[in-house]
Amino acid sequence: MSRLLRGVSITLLARALLLVIGLASSVILARWLGPQGRGQYALIILIPALFQFLGGLGLEQAVTYLVARRRAEARAIALTLIGASLVLGVALVGAYGALQTLPAFADYLAATSLDPNLVWILVALLPATIASACASAALLGLERYRLYNLATLITPTLTLGLLLGLVVAAGFGLPGAVAAAALGQLAGFAGAVTIVLAVAPGRARWAPQVIGDALHFGWKVYVAQVAWFLHNRSDMFLVGYLAGPVALGYYATAVGLAEKLYVPPS
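Yeah, the sequence shown ends on 266 if you go by this note's numbering, and it's all consecutive.
Treat the hints as calculated values from the structure; they're not laboratory data.
Any given hint could turn out to be false.
As the list claims (entries may be wrong) - Mimicking SDA-like on lysine to any residue, the simulated pairs with C-alpha atoms at most 20 Å apart in a straight line are:
(1) K260 / L19
(2) K260 / T101
(3) K260 / F105
(4) K260 / I121
To be verified - Okay, the calculated beta carbon distance ranges per label pair:
(5) P175 / L215: 16 to 26 Å
(6) A170 / R70: 46 to 56 Å
(7) V199 / G244: 40 to 50 Å
Where is the CB? At the ideal position from N, CA and C, for every residue including glycine.
Using the sequences and the hints, build the whole thing.
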């Protein structure tokens with residue numbers, strides 16, 4: 001079996017597992033949070049995701065491209081761009097802090113009944129979230145398909161386990177669900193970075209010229225990436241604001257379940 005075919009087979013299996021995990025998580029969120037809690041959770045997850053897409057600058061795709069092109073320097077590329085993504089994440093956290101001072105955004109949070117503190121928990125993890133995506137992208141560039149899929153499974157698997165413990169068993173509701181998502185993201189960050197730095201060839205060093213190369217390539221996919229996110233996610237913001245969190249809960253559950261069907265083919 002060729003390396004590519006083996007990688008495709010492993011990825012299909014991982015996508016099937018992601019489908020099962022995603023469906024289980026969706027059921028838990030819908031059943032134990034109720035429509036309003038599910039709608040609020042969707043927005044709490046979506047706000048930092050918006051900042052990640054708007055401010056990510058295509059770094060994730062650039063990591064895959066550069067590592068695949070310069071395999072001998074993979075560790076330096078991964079280390080440098082993971083570091084750059086951490087700095088970028090800190091800047092995005094600052095940008096969110098500035099956004100919070102605007103009365104219009106405060107009105108939006110009030111209209112959707114969102115707790116700003118819960119939003120801040122996941123926004124504060126933007127550096128780790130972006131760095132985790134870059135680390136996983138480096139594994140893909142190295143064609144380490146097993147490790148890539150392992151890295152992508154860490155966050156959803158742990159999040160599901162924590163949902164069972166914090167939401168189902170302990171009954172912590174929406175705060176428990178947000179805590180589960182946050183801890184899952186931290187574990188995914190630690191796991192992905194550890195794996196890629198352990199297996200990437202080359203010497204571990206800071207290579208600042210790589211940042212310019214990454215931005216040059218990343219810009220080519222950035223506009224399309226942002227357009228995709230706005231096309232596929234802006235409806236959530238509109239439904240939450242115009243119809244309220246209860247209606248958004250029903251909407252997010254239906255859309256989320258439908259989107260899970262796209263996971264294996266992707």
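Tested hints:
no.	hint	verdict
1	K260 / L19	holds, 6 Å
2	K260 / T101	violated, 36 Å
3	K260 / F105	violated, 30 Å
4	K260 / I121	violated, 25 Å
5	P175 / L215: 16 to 26 Å	violated, 37 Å
6	A170 / R70: 46 to 56 Å	holds, 47 Å
7	V199 / G244: 40 to 50 Å	holds, 48 Å
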